[in-house]
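Chemist: Here's the letter readout for the chains.
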Amino acid sequence: MTDVVSISNLDVSFATDGGDVVAVDDVSFTVGAGEIVAIVGESGSGKSVTAKTIIGLLPSTATATGAVLLGGRNVIGLSGQRLREVRGQDAAMVFQEPSTSLNPVYTVGWQLAEGLRAHGKYSRRQARATAIEYLAKVGIPDPDKRVDFYPHQFSGGQKQRIVIAMALALGPELIIADEPTTALDVTVQAEILDLLRRVRDEFGTSIVLITHNMGVVADLADRVVVMYQGEVVERATVTDLFSSPQHEYTQRLLAAVPRIDVGRERTPVAPAEPVVVADALTIEYAGRFGSGSFRAVDSVSFEIAPGEVLGLVGESGSGKTTIGRAIGGLTRVTGGSLRVLGHEMRGVRERNFSAVRRRIGFVFQDPASSFNPLLTIAQCVAEPLEVHGGGLDAATVRSRVDELLEAVQLPRAFGDRFPHELSGGQRQRVSLARALALRPELLIADEPTSALDVSVQARVLELFSELQQEFGFAALFISHDLAVVDTLADRIAVLYRGQLVEEGPSAHVLGEPEHPYTRRLLASLPVPDPIEQRERRLELQSLDHEE
Amino acid sequence: MAQRRLLDRLPVVHQLRQSVGLQRGMLVAGLIITGVFVLTAILAPVLAPYGYSQLRDEDGTFGAQQPPGPQHLLGTTVGGYDVLSRVIWGTQTAALVIVVAVILSIFIGVLLGLVSGYIGGWLDRVLVVVADAVYAFPSLLLAIVAAIAISGGQSSFWGGILAAAVSITVVFIPQYFRVIRAETVRIKSEAYVESAKVIGASPTRIMTRHVLRNATRTLPLIFTLNSSEAILTLAGLGFLGFGIEPTAAAEWGYDLNKSLSDVTSGIWWTSVFPGLAIVLVVLGITLVGESLNDLADPRLRTRRRADSGPHPTADVSVVPGGTVDDLAGLDTVEHRP
Numbered sequence: 001m002t003d004v005v006s007i008s009n010l011d012v013s014f015a016t017d018g019g020d021v022v023a024v025d026d027v028s029f030t031v032g033a034g035e036i037v038a039i040v041g042e043s044g045s046g047k048s049v050t051a052k053t054i055i056g057l058l059p060s061t062a063t064a065t066g067a068v069l070l071g072g073r074n075v076i077g078l079s080g081q082r083l084r085e086v087r088g089q090d091a092a093m094v095f096q097e098p099s100t101s102l103n104p105v106y107t108v109g110w111q112l113a114e115g116l117r118a119h120g121k122y123s124r125r126q127a128r129a130t131a132i133e134y135l136a137k138v139g140i141p142d143p144d145k146r147v148d149f150y151p152h153q154f155s156g157g158q159k160q161r162i163v164i165a166m167a168l169a170l171g172p173e174l175i176i177a178d179e180p181t182t183a184l185d186v187t188v189q190a191e192i193l194d195l196l197r198r199v200r201d202e203f204g205t206s207i208v209l210i211t212h213n214m215g216v217v218a219d220l221a222d223r224v225v226v227m228y229q230g231e232v233v234e235r236a237t238v239t240d241l242f243s244s245p246q247h248e249y250t251q252r253l254l255a256a257v258p259r260i261d262v263g264r265e266r267t268p269v270a271p272a273e274p275v276v277v278a279d280a281l282t283i284e285y286a287g288r289f290g291s292g293s294f295r296a297v298d299s300v301s302f303e304i305a306p307g308e309v310l311g312l313v314g315e316s317g318s319g320k321t322t323i324g325r326a327i328g329g330l331t332r333v334t335g336g337s338l339r340v341l342g343h344e345m346r347g348v349r350e351r352n353f354s355a356v357r358r359r360i361g362f363v364f365q366d367p368a369s370s371f372n373p374l375l376t377i378a379q380c381v382a383e384p385l386e387v388h389g390g391g392l393d394a395a396t397v398r399s400r401v402d403e404l405l406e407a408v409q410l411p412r413a414f415g416d417r418f419p420h421e422l423s424g425g426q427r428q429r430v431s432l433a434r435a436l437a438l439r440p441e442l443l444i445a446d447e448p449t450s451a452l453d454v455s456v457q458a459r460v461l462e463l464f465s466e467l468q469q470e471f472g473f474a475a476l477f478i479s480h481d482l483a484v485v486d487t488l489a490d491r492i493a494v495l496y497r498g499q500l501v502e503e504g505p506s507a508h509v510l511g512e513p514e515h516p517y518t519r520r521l522l523a524s525l526p527v528p529d530p531i532e533q534r535e536r537r538l539e540l541q542s543l544d545h546e547e
Numbered sequence: 001m002a003q004r005r006l007l008d009r010l011p012v013v014h015q016l017r018q019s020v021g022l023q024r025g026m027l028v029a030g031l032i033i034t035g036v037f038v039l040t041a042i043l044a045p046v047l048a049p050y051g052y053s054q055l056r057d058e059d060g061t062f063g064a065q066q067p068p069g070p071q072h073l074l075g076t077t078v079g080g081y082d083v084l085s086r087v088i089w090g091t092q093t094a095a096l097v098i099v100v101a102v103i104l105s106i107f108i109g110v111l112l113g114l115v116s117g118y119i120g121g122w123l124d125r126v127l128v129v130v131a132d133a134v135y136a137f138p139s140l141l142l143a144i145v146a147a148i149a150i151s152g153g154q155s156s157f158w159g160g161i162l163a164a165a166v167s168i169t170v171v172f173i174p175q176y177f178r179v180i181r182a183e184t185v186r187i188k189s190e191a192y193v194e195s196a197k198v199i200g201a202s203p204t205r206i207m208t209r210h211v212l213r214n215a216t217r218t219l220p221l222i223f224t225l226n227s228s229e230a231i232l233t234l235a236g237l238g239f240l241g242f243g244i245e246p247t248a249a250a251e252w253g254y255d256l257n258k259s260l261s262d263v264t265s266g267i268w269w270t271s272v273f274p275g276l277a278i279v280l281v282v283l284g285i286t287l288v289g290e291s292l293n294d295l296a297d298p299r300l301r302t303r304r305r306a307d308s309g310p311h312p313t314a315d316v317s318v319v320p321g322g323t324v325d326d327l328a329g330l331d332t333v334e335h336r337p
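Chains as they are written, first to last, in full-length UniProt numbering: chain A, 1 to 547; chain B, 1 to 337.
Worth flagging that the hints you see were computed from the coordinates, not collected in a lab. Keep in mind that this is a model prediction, so the values were computed, not measured. We treat Cβ as the ideally placed atom computed from N, Cα and C, and that holds for glycine. Careful: at least some of the hints might be erroneous.
Some, not all, of what chain B presents toward chain A, calculated at C-beta under 7 Å [stated by the list, open to error]:
| no. | residue |
| --- | --- |
| 1 | Val-130 |
| 2 | Ala-133 |
| 3 | Arg-186 |
| 4 | Ser-189 |
| 5 | Glu-190 |
| 6 | Ala-191 |
| 7 | Ser-195 |
| 8 | Ile-199 |
| 9 | Pro-203 |
So here's chain A without its partners, still in its complex pose:
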């Protein structure tokens, strides 16, 4: 097999305000023709930087040494015209966020043609014909009509298809896909992975796939390169890697991936007066002048008993976050009824609700922005104590803060640090500490782990369930990831386009899903096991044929 890319002894370092930082340290690997190689690693492991080096996309602050041979040419040191020749023709790139990698003011046909005309002589008509041809190849319906559409007229998955079409149109030997499905929902992710597999099979294109999702790796890759802190720690074929991981880090990484386990033991919750009762809850956002309002949540009914964890699952736009915000009093309820700790939230006034707030804790999705950057960790955690504590003196507050930090397994000394000095996982623990400061009866966790790496996520989830047992609060756990919800929730509610399609005990919902959407959601979730994943893929395809 001839190698499309061979990277040997690659070092990349960046000049930053904090001195030089080595992002990639002595990395070597090759990609054969028609092969899919996955580069796996956590954020900051240097996987994206390695991939960007292949097509010379490093920023000016970076310095690369070593050799990256692409089609017999060393890319490092190329610049200007010669680098442009390499880009597109020898290797093309598919980015993470499809909505920002397309220019919103040009039609997709124009953007496809732009790439073609940069690399060869095409008349306007030829370029357009080629654009339509490739749109059809990546599965865009009505390509001859939709070639004149603008990016905003496509869905996220379709946009990613178009980006892949743009990459394909120049017939590169290699496509670099940098987290191509991270921004997409699981069901769409399955479609895009399918498309990438077809691209390899039909066009013989090699693919370098960068991802942190072990399920995606198991689904698509032939060989895997595991990176950790800028170094390659393991190279293996996909079956070997999952069946017998060699390096300690790989083993940890695989162990941390949450899996759905229907047989998990769950302690039943004693029946009691529920803390949250939603009855035909409807939330509408006012539309722009002239257009109707947008119904984000459409007559949803559920209950949360004291001490129970309800997992709320759904794709983006399904209204799950809106429900969480409504319970926290951040979004107005426009129809039906929502009772939180005995208070009706429809038409609630802030003055009457502020007393209830001390009984509710909230953990936000993004650990980077949920703390005031100018306050220390101790000040952040102390905030609820100061607001509701009724004049506790500073020493008492500080000792409570220390207790809370200990409860979330952080050293006391962290109290004097600032949020940016903590890692994402540590910040999310502080977030938990702050939410639990007043020992709330209800905790709303809005995707608390979706911004974290897998191994960090595993630790935070573990901590969450320990704390839940210790403090005994009821929780609404919002997530898009069924496997994550499965590790925590007593009951699971599945949302689809604002409607509750299925609700019940976790084992039931995951074990014998009734609604076709839940079944589809379950089947789309790639499992970190290449053999099992192959079977599931067939299952998903048969589900598609049924519809």
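Please build the complex by placing chain B on the supplied structure of chain A, with the hints as guidance.
Modeler: Relative to the frame of chain A, chain B by itself:
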């Protein structure tokens, strides 16, 4: 956190250490000019050979339009004042006007911007319309109207300074207002403000503790840029005859006005030196402001290239962005050689 020395955390010093190459040169040049300006203003009574309104010494009157010589290093004006002394005393007037104007406008502008941005609604709409209206008005014209209204046609030292300062304030409040309002609106939707809300913190507490401190990081930039504009407005007022009388204080714009007729008759020293003073001070302060602006934005900030060879560890946490008043501190910032 690692105890970073206080010196590094001061706004301008921090930026100075961060900068390299041309950006550093611009910043240093600006700082030197501004430093000389401030020192001259403070030491004016010591430095100036004569008073700003002095027309005679023990040898008799100075005489009008004397060329530069040993008696009067930069000559005398048409009114018989010593040019060098007028230029030096003028720095004091300029500095005072900057201080008074900026203090007045910063407090009102920040307060209005914060309240308007956070509370929103009709109050916000009214304030934005008013600010836009003031913006749309020619600023010098507005300053003239304000100067007349305040001084009532009289001219005294403080009256003149206040007139100039307040008229500049009227023009500047909308700038501070807009910047702080925009920041407030952005910060209002940040997760940490929402998390303060779900905790149950009162709006006043959220505004002062969470929004205000995070919204003021761009202020040093506007501060420096506005200072140079304040000098130009003051000089403009003086030039047009709405400034301070020569007996009350020295003012460059006034001197320029009086030297208009000299220019055509070959008397260059009366106009060149006050004009040069205005240009230099505005240049200096603008250089500082623009450099701070570039350094505050990580995309515009130039860095040393990474050198090849042995490297420090890879796990240094990289803090994105630097800010002007980064009190939170970037403890990873190392001393640059």
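Chemist: Decide, hint by hint, whether the structure agrees.
Modeler: Evaluated hints:
1. Val-130: This hint is violated: B:Val-130 lies away from chain A, its Cβ roughly 25 Å from the closest one there, beyond 7 Å.
2. Ala-133: Check failed: Cβ of B:Ala-133 comes no nearer than 25 Å to chain A, outside 7 Å.
3. Arg-186: violated (11 Å)
4. Ser-189: violated (10 Å)
5. Glu-190: holds (6 Å)
6. Ala-191: Holds. Min distance 4 Å.
7. Ser-195: Since the shortest Cβ distance to chain A is 5 Å, the answer is holds.
8. Ile-199: With a closest approach of 5 Å, the B:Ile-199 hint holds.
9. Pro-203: violated (9 Å)
Violated hints, listed in ascending order, are 1, 2, 3, 4 and 9; each of the other numbered hints is respected by the structure.
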